[in-house]
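Asker: Next come the chains, spelled out residue by residue.
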Amino acid sequence: MTATLYWNPNTLVIPLGKGLIRLFQTSYRRNVVATRPILDLADQMIGGAPEEAVRERFEKAESALRLADASEFTLWECAYSNSDFFDPSFDPDDLQTLEYEEFVELLTDAQILARQWPPVFDLKKRSFGDRFRGTFFEQIGTEGLYRRTQPTAWWTAQKFTEDLSEIKPTPYKFIEEAFLDAYIRENMRNLEVLEIGCGTGFFTRRIAAVAKRAVGMDSNEDYVEKARKAWPSERYPNLEFHVGDIVDLSKGRGVFQGMQFHRIIMIDTFLFLFDPSYQAPLAQRRAEIMRNIAGLLRPDGHLLIMDPHPFWLTPWLGLESRPFGIVTEYRDRSFKVIPTLEEISCFLFENGLRIRRILEPRIDERYANINPKAHAFMKQFPQWWFLETEKAQAR
Amino acid sequence: MIHDELQAILREVFGDENLEMTDDMTAEDVEKWDSLSHINMIVAAEEHFGVRFKNSQIARLQCVGDLKDLIMKKRPDLD
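Residue numbers (this note's numbering), protein chains in the order written: chain A, 1 to 395; chain B, 396 to 474.
In case anyone wonders, no lab produced these hints; they're calculated from the structure.
Be careful, since some hints might not be right.
Every beta carbon over 10 Å from chain A, so not counted as near; a handful from chain B, in silico [claimed, not checked]:
1. L401
2. E415
3. E441
4. D472
5. L473
Keeping only pairs whose Cα atoms sit at most 16 Å apart, straight-line, the calculated EDC-like set for lysine to aspartate or glutamate is [unchecked claim]:
6. B:K449 - A:E143
7. A:K125 - B:D411
8. A:K125 - B:D429
Every residue gets a Cβ at the ideal spot worked out from N, C-alpha and C, and that includes glycine.
Produce the complete structure using the sequences and hints provided.
Answerer: Written as structure tokens, this is what we have:
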């Protein structure tokens, strides 16, 4: 029996000019660049072709067919930068004439070719070193291994300047910070506010500038230590940071037991209640977590959630004046791990909270000078949403 | 002996002073062996043996024996 090779139609074929073709596997975010004869081979393998016939055509192309793997985990520099994993350092000189076996290995590894129909979709990581598989956060972990960096160190380094006093000029600054600064100023004056998952305390400090009292909670002792060092309570008397476990408030010194706040805010944290792969206890025990949060909230209080939008990490293409994104998942998630709006609203409802408003923060125009393509996409497609919720009996 | 030195590294990284290292040992067998401590293990092994692994070599590691073989290949003087 002869083997059959199938072209995976989830591959976008994008001309780069000068006879080069980029093959972009949208579900796996893999990129291969090839010369024109790849189009003949693709044409042949649509719907399946016997391996001997593919080999014959491959060998006929001889040195006219050259290829290179052009996948790179570009999100390492900033989680909101280009998310199609196309290697920015790709150079046409990287293209090589391959042996037939190498050619098939490269394209099957990139899931552009499949040996069965329909191609099996499986993004699960097989080992710690398995690159380009797993959720976004698992892929960050693998990059950490390759770069000998702990993901927590990566997180702070891609988001903040070294002294933690400023956000780097990324969408974090031009969407998240721009929105939160205005929201905090307009909505938190003279209130008592708790930030759950405060990290190194950047926004807790901003809250303290207008609020009566700002409290930051994080389970990571290193983060809390950094926050206390950056913003010591001697200089900021209404600002405090504590190590706390939202799953079990009695843990540590139990400082949060008995506290109540006008506002509780979770920034880029709430989504982890729905991600079983990263910090599993948060997902497994999310009902208890919501009970704890509700207990920390005054009867007239609001829980505020700022989370990545389902458009986050969507690869973008097209004109700057009319960009488009490639959405490959929503309900059944393998990469982005963002809960659907239905899951969020039902979960809140089951736990006695209801949504007041959903805001979709806009990008500051100044970002257009820094990354025009990303700016154009993010202007059209929100990257975060912000949910204002209240206790259901409040009205 | 690479075995004893690597075992000492694993005991330190995974916080288990009674850990008995075997060649077929994997993350499944050690409670504190997760993706974060895996990074620490690689970094500690590289520092201790004065070697630097390639990404492709790290990607292929399946068990402790693979790591030991890799170190032996880079430091043939040790055995």
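Asker: Decide, hint by hint, whether the structure agrees.
Answerer: Evaluated hints:
At the 10 Å boundary, the C-beta of B:L401 stays outside the reach of chain A, the nearest C-beta of that chain being 17 Å off. With a cut of 10 Å on Cβ distances, B:E415 stays outside the contact zone with chain A, its closest approach being about 22 Å. For B:E441, the requirement that its beta carbon stay farther than 10 Å from each beta carbon of chain A is not met, with the minimum near 8 Å. Non-interface call for B:D472 relative to chain A: holds, since the shortest CB-CB distance, roughly 24 Å, exceeds 10 Å.
Look at B:L473: its CB is around 22 Å from the nearest CB on chain A, clear of 10 Å, so calling it non-interface holds up. Of the pairs offered as hints, the one joining B:K449 and A:E143 holds, with about 13 Å between alpha carbons and a cut-off of 16 Å not exceeded. Proximity of A:K125 to B:D411 is assessed by CA-CA distance (about 26 Å); at most 16 Å being required, the pair is judged violated. Of the pairs offered as hints, the one joining A:K125 and B:D429 holds, with about 13 Å between alpha carbons and a cut-off of 16 Å not exceeded.
Checked against the numbered hints above, the structure breaks hints 3, 7 and satisfies the rest.
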